[in-house]
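Enquirer: Sequence:
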Amino acid sequence: MSRVTLRDGGVEVQPPLLARPFQAGMTGWIVVFGAIIVELIGGALTYQKFPGAALPVLIIPAAVAFGVGVLQWWQIHTSGADPASWWHLSAIVAALLIWYLWPVAPGALAGNTGSAKAACDMLPTDNTADCLHRAASALDASHLCWYLALVVILACAGLARRSQIAAWAALPVAFAGCQLAANFLEQLLRHFQPYG
Numbered sequence: 068m069s070r071v072t073l074r075d076g077g078v079e080v081q082p083p084l085l086a087r088p089f090q091a092g093m094t095g096w097i098v099v100f101g102a103i104i105v106e107l108i109g110g111a112l113t114y115q116k117f118p119g120a121a122l123p124v125l126i127i128p129a130a131v132a133f134g135v136g137v138l139q140w141w142q143i144h145t146s147g148a149d150p151a152s153w154w155h156l157s158a159i160v161a162a163l164l165i166w167y168l169w170p171v172a173p174g175a176l177a178g179n180t181g182s183a184k185a186a187c188d189m190l191p192t193d194n195t196a197d198c199l200h201r202a203a204s205a206l207d208a209s210h211l212c213w214y215l216a217l218v219v220i221l222a223c224a225g226l227a228r229r230s231q232i233a234a235w236a237a238l239p240v241a242f243a244g245c246q247l248a249a250n251f252l253e254q255l256l257r258h259f260q261p262y263g
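When we follow our numbering, the leftmost residue of the sequence shown carries the number 68, and every step to the right adds one.
Hints are supplied without guarantee of correctness; some may be wrong.
To be verified - Per label pair, the in silico range of CB-to-CB distance:
hint: 1; residue 1: A111; residue 2: T145; range: 33 to 43 Å
hint: 2; residue 1: P150; residue 2: H258; range: 16 to 26 Å
hint: 3; residue 1: T145; residue 2: W96; range: 17 to 27 Å
Calculated from the structure, these hints are not laboratory results. Glycine residues also receive a C-beta, built at the ideal position from the N, C-alpha and C atoms.
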């Protein structure tokens, strides 16, 4: 079967856009690396200046990359095009390394994010009840973002055989999950240690 055209009753039919190798590759580069750049720049800006905007700024690029990966998987699956090469799984390995090694706790809380009490012990506050409540919420949100990123990375691995874009979309997903997890803890730290 040809990778460029398909025969359907003697009529040549072009496969969908994301099932064509060159067009899919170009779309993948634009979508995935565009999402990575937006993740890194958006993460730096929201971390320091706009912490309330972190959720949409970090989730939207990762969701777009993942969505285009799912669309490519569907187009390749329905058109019967050749599956992607196994080497695209290296993107999943890179995403897992980013997910595991990216620091999610800001300096003062590093190593003290196992429990709300451990986090509050590191924060300068006399109001223990308020600190415990805020720390528990921040830790829950941080852990949720971090582990949801892992789930989406593994979903990308499941789609990788038929969609190289989905495999590479795991990279912006890893950046988004780690930066969101860090953002929730940074907001907790800023509440009790306002930067002057």
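Enquirer: Kindly indicate which numbered hints from before are broken by the structure, ordering the numbers from low to high.
Expert: 2
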